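> Given next are the chains, with one letter for each unit.
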Amino acid sequence: MKQYIRKADIILFIVLIALGLAASAALSLSRTAAGSDAKVIIESGGSLYAEYPLGEDRTVIVPSPKEGVSGFAVPDDSKPASEQFSHYNVVVIQDGHVSVTEASCKNQVCVHHSDISYSGESIVCLPNRMVVRIEGKGGSYDSITS
Amino acid sequence: MTQSPRKKSQSSAQFVARVAVMASLALIFSYVEAIIPYNPGIPGIKLGIANVVTVIALYRFGWKEAASVSVIRIVIAGLLFNGVFGMLYSLAGAVVSLIGMILLKKTNLFSVAGVSMAAGVLHNLGQLLVAAALIEDLRIFFYFPVLLFSGIAAGILVGIISTLVLRVIK
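So the sequences go chain by chain: P and B.
Note that the numbering used here has the first sequence beginning at 1, numbered continuously upward.
Note that the numbering used here has the second sequence beginning at 1001, numbered continuously upward.
Hints listed in this document are in silico derivations from the structure and should not be mistaken for laboratory results.
These figures come from a predicted structure and were not determined experimentally.
Every residue gets a Cβ at the ideal spot worked out from N, C-alpha and C, and that includes glycine.
Heads up, a few of these hints could be off.
Said to hold, decoys possible - To give an idea of the chain B side of the interface with chain P (calculated C-beta under 10 Å), a few residues: (1) Ser1068; (2) Leu1080; (3) Gly1083; (4) Phe1085; (5) Tyr1089; (6) Ala1092; (7) Ile1135; (8) Ile1140.
Unchecked claim - To list a few chain B residues with every Cβ distance to chain P over 12 Å, as calculated: (9) Ser1011; (10) Phe1015; (11) Arg1018; (12) Phe1029; (13) Tyr1031; (14) Phe1061; (15) Val1075; (16) Val1095; (17) Ile1102; (18) Val1112; (19) Val1121; (20) Phe1141; (21) Thr1163.
Said to hold, decoys possible - Across the chosen pairs, the derived CB separations fall in these ranges: (22) B:Ile1035 - P:His112: 14 to 22 Å; (23) B:Asn1108 - P:Arg58: 53 to 61 Å; (24) B:Gly1062 - P:Gly46: 37 to 45 Å; (25) B:Gly1083 - P:Thr101: 16 to 24 Å.
Let the sequences and hints guide you as you build the complete structure.
So, in C-alpha cells, the structure goes:
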C-alpha cells in the first residue's frame, strides 16, 4: 500500500462526478411538463400493451407476457387482478398522475416508486418486464402532428 | 514446469480453502445486509459490504480468488435471500466490476479506494445494462445518474474499509 489516495483516483472521481452531473442535467432538460395531449404508454415484455390519454382517470390491469403463450391475456376489469393472474401490475392514472398500485413481484420497487406526471418519466417493473411512461410535450407551440 | 504433482495439489487445496473461507465471510456480510430493512426505491442502491471481501481477495491473493469468491457468494446469496432474479443482476454487475478492477489494478495508478470506486460504478452499470436488455428499452438509463452517484459512494466506502483491513493483514 503506497498511498491511500493517489492522483489517478482524484482524476477518476472528478470524471465520474462530472459524468453524473452531465447525465442528470440532460435528463432534467428532457423532463418537460406533460401537455394536454400527453399519453400514458404501457409496455410489457418489450412490446406495446396499451396507450391512454393522461387526462382520463382509469385503472389498468397489465398481465405479464408470462401469462400468455402468444400475445397478452385479456384481463377482466370487474375482478381483482390477483384472482386472474399470477404475474401482473396494476397501473392507476388519476388527475394527471400515474402510479403502480399493485405488483405480483417480490421486491415491489414499482409500487414504492413515486407518482410520475412529467413527459419523459417512467416507472419500470423489471420482474414483469413492464414499463409505464408518459409521452407528449403538448402545449400550443409544438402540438404539430405528422 | 518442474512443479511436482504433490506441490500442485497442495496449492490447489490452499486455493479451495482460501476461497471457501472468504466466500463464507462474504456470505455473512450479504446476509447482514439482506436483513437490514431499508427501501431506497431503486434496485441496485446498496453498500455491498460483501465486496470488501472481493477487494481484499484481489489485493491479497489474486484475480482468480477474487472472481471465485464473488461468484460463489452471489450464487449462494441469490438462492438464500436475494432471489434468482436479483442474482442475475448481481452476477452481471460482478463480472463487469471484476474485469474493471483487474484492469485498473494492472495499471498501478490507482489506490485500493480508487479501484473500488470504479468497481462500484461498473457494478451498477452492469446491472443497468442487463435491465435495459431485459425490458428492451434503453430509457431505463433514466436511472443512470442515481446509480452512478450511489456506485461512487458505495465503492469509496468499501475501498476505505478494504484499505484499513489490508493494512492490518499484510
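> Looking at tyrosine 1031 of chain B again, its CB stays over 12 Å from all of chain P?
holds, 17 Å
> Would you say threonine 1163 of chain B is clear of chain P, with no C-beta pair closer than or equal to 12 Å?
violated, 6 Å
> Over 12 Å from every CB of chain P: does phenylalanine 1141 of chain B meet that, or does the non-interface label fail?
violated, 8 Å
> Against the range 37 to 45 Å, how does the distance between the Cβ atoms of glycine 1062 of chain B and glycine 46 of chain P compare: consistent or not?
Holds: the Cβ-Cβ distance is about 40 Å, inside 37 to 45 Å.
> Hold the hint about isoleucine 1135 of chain B up to the distance rule: shortest CB distance to chain P must be less than 10 Å.
holds, 5 Å
> Would the stated hint for glycine 1083 of chain B survive a check requiring a Cβ distance to chain P of less than 10 Å?
It holds, given that the least Cβ distance between glycine 1083 of chain B and chain P is near 6 Å, below 10 Å.
> Test the statement that serine 1011 of chain B is away from the interface with chain P: the closest C-beta pair must be farther apart than 12 Å.
holds, 25 Å
> Using Cβ atoms only, decide whether isoleucine 1140 of chain B comes closer than 10 Å to chain P, and label the hint accordingly.
holds, 6 Å
> Just tell me: holds or violated, for the beta carbon distance of isoleucine 1035 of chain B and histidine 112 of chain P against 14 to 22 Å?
At roughly 19 Å between Cβ atoms, histidine 112 of chain P and isoleucine 1035 of chain B fall inside 14 to 22 Å, so the hint holds.
> Classify the label on valine 1121 of chain B as holds or violated, using whether its beta-carbon is more than 12 Å from each beta-carbon of chain P.
For valine 1121 of chain B, whose nearest Cβ neighbour in chain P is about 6 Å away, the distance does not exceed 12 Å, so it is violated.
> Since phenylalanine 1061 of chain B was said not to touch the interface, does its Cβ keep a gap of more than 12 Å from each Cβ of chain P?
holds, 15 Å
> Do asparagine 1108 of chain B and arginine 58 of chain P keep their Cβ atoms within the hinted range of 53 to 61 Å?
At roughly 60 Å between Cβ atoms, arginine 58 of chain P and asparagine 1108 of chain B fall inside 53 to 61 Å, so the hint holds.
Checked against the numbered hints listed earlier, the structure breaks hints 1, 2, 6, 18, 19, 20 and 21; every other hint is satisfied.
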